[in-house]
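What follows is the residue order along each chain.
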Amino acid sequence: MNFGVLVFPGSNCDHDCAHAVEEGLRQDVQLIWHQETSLEGVDAVIVPGGFSYGDYLRTGAIAQFSPIMEVLKEFAAQGGLVLGICNGFQILLEVGLLPGVMMRNRDLSFICEDVYVKVENAATPFTNACESGQVLKLPIAHAEGNYYTDPVTLSSLQANAQVVFRYCTAEGKVTPEVNPNGSLDNIAGIRNATGNVLGLMPHPERCAESVLGNQDGLSLFRSMVNAFTEVSSS
Amino acid sequence: MKAKIHVTLKSGILDPQGRAIQQSLATLGFSTVNDVRVGKFLEVELRDSDQTQAETQLKAMCEKLLANTVIEDYRYELETSEPTTTP
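Residue numbers (the numbering used here), protein chains in the order written: chain R, 1 to 234; chain H, 1 to 87.
Calculated from the structure, these hints are not laboratory results. Only a predicted model underlies this, so the values are computations on that prediction, with no experimental measurement involved. Warning: the hint list may mix true and false statements.
What the hints assert, rightly or not - Far from chain H, by Cβ distances over 10 Å, these chain R residues were calculated:
1. ASP28
2. LEU57
3. ASN105
4. ALA129
Said to hold, decoys possible - Computed, partial: chain R to chain H, Cβ under 10 Å:
5. ALA61
6. ASN146
7. ASP150
Stated by the list, open to error - Taking lysine-lysine pairs in the BS3-like style, the calculated list, with each CA pair at most 27 Å apart, reads:
8. LYS4(H) with LYS73(R)
9. LYS64(H) with LYS40(H)
10. LYS73(R) with LYS59(H)
11. LYS4(H) with LYS40(H)
12. LYS59(H) with LYS10(H)
13. LYS4(H) with LYS64(H)
Glycine is no exception: its CB is placed at the ideal position from the N, C-alpha and C atoms.
Input sequences plus hints: build the corresponding full structure.
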């Protein structure tokens, strides 16, 4: 399987993502500069974290107009798997591949810590290696992770099982106390209506091998490989 | 001509920055401050001298990039270089 990792000026988790799929799952991966205009030969795209364009104006606001984004929209429309992590999630929101917007964290601080998230939907191409209700320990590192959307969109996200990850306790209880950033409904990650695009604030690539002391993040990338293998063998 | 663009959070959207500033002002003794909302101010220099065209352009700029209309409102004023009698 061929992964493509997008690289914007200011991306800083691109190599970590490439390393996770290359070393952790022995899959092919290529870095794709944002000025490129083709995703030829790419089976799944990761939009990595970082500070694309220095977070100028709003996080992800300027990156959404990079040439590769037009191609990415087409790729997603045809059912291609797209995973947005942290700033990558923010870019997917700005470009409209996922609904809603990220606001400054409730307490205005940049938060860098391990959090627990509950897998609310294990029937997605990004979570099929997890159990429904499983708790993953993943690191977050962001100042704008306070997810917001209008009540109508929120209801439809909830009704269609598009809320895939929610912040929770180590035991899997979703409570306001463990919400790190004020995110609506403790949302840590959502998918689109067709299920092939997912964005999350935590960084699975930072905990995808045993030497890092935590491999919980690897299950997301493994799920993508599972999903791809299933589709191509059917 | 020059456009002055204000991008502000919609009313009802929580503004933690504004709240922190309000609290800080209260600490400094400015106890009459009821509320503070933080927004963005942009000055855009336009080559176009046609007011109607400029306004169409400005609206598109705000909708596409300068504001995220899910949570933000925008408004703009146009300043022509020559003094004008219309308000």
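Hint-by-hint comparison with the structure:
Separation of ASP28(R) from chain H is adequate, the least Cβ-Cβ distance of about 35 Å exceeding the 10 Å criterion. Its closest Cβ contact with chain H, about 7 Å, brings LEU57(R) to no more than 10 Å, contrary to its assignment away from the interface. Listed as a non-interface residue, ASN105(R) fails to keep its Cβ farther than 10 Å from every Cβ of chain H; the least gap is roughly 8 Å. With a closest Cβ-Cβ approach of about 33 Å to chain H, ALA129(R) is found to remain outside the 10 Å limit, as its non-interface label requires.
The closest approach between the C-beta of ALA61(R) and any C-beta of chain H is roughly 6 Å, which is under the 10 Å cut-off, so the hint is satisfied. Restraint check, ASN146(R) versus chain H: the minimum CB separation of about 8 Å is within 10 Å; hint holds. Of the supplied interface hints, the one on ASP150(R) holds, with its beta-carbon coming within about 7 Å of a beta-carbon of chain H, less than 10 Å. Simply put, LYS4(H) and LYS73(R) have alpha-carbon atoms about 32 Å apart, too far for the 27 Å limit, and the pair is violated.
This hinted pair checks out: LYS64(H) and LYS40(H) have alpha carbons roughly 16 Å apart, not beyond 27 Å. Between LYS73(R) and LYS59(H) the alpha-carbon distance is near 24 Å, which keeps this suggested pair within the 27 Å criterion. Restraint check: the Cα-Cα separation between LYS4(H) and LYS40(H) comes to about 11 Å, which is no more than 27 Å; the hinted pair holds. At most 27 Å may separate the alpha-carbon atoms for a hinted pair to count; LYS59(H) and LYS10(H) meet this at roughly 17 Å.
At most 27 Å may separate the alpha-carbon atoms for a hinted pair to count; LYS4(H) and LYS64(H) meet this at roughly 17 Å.
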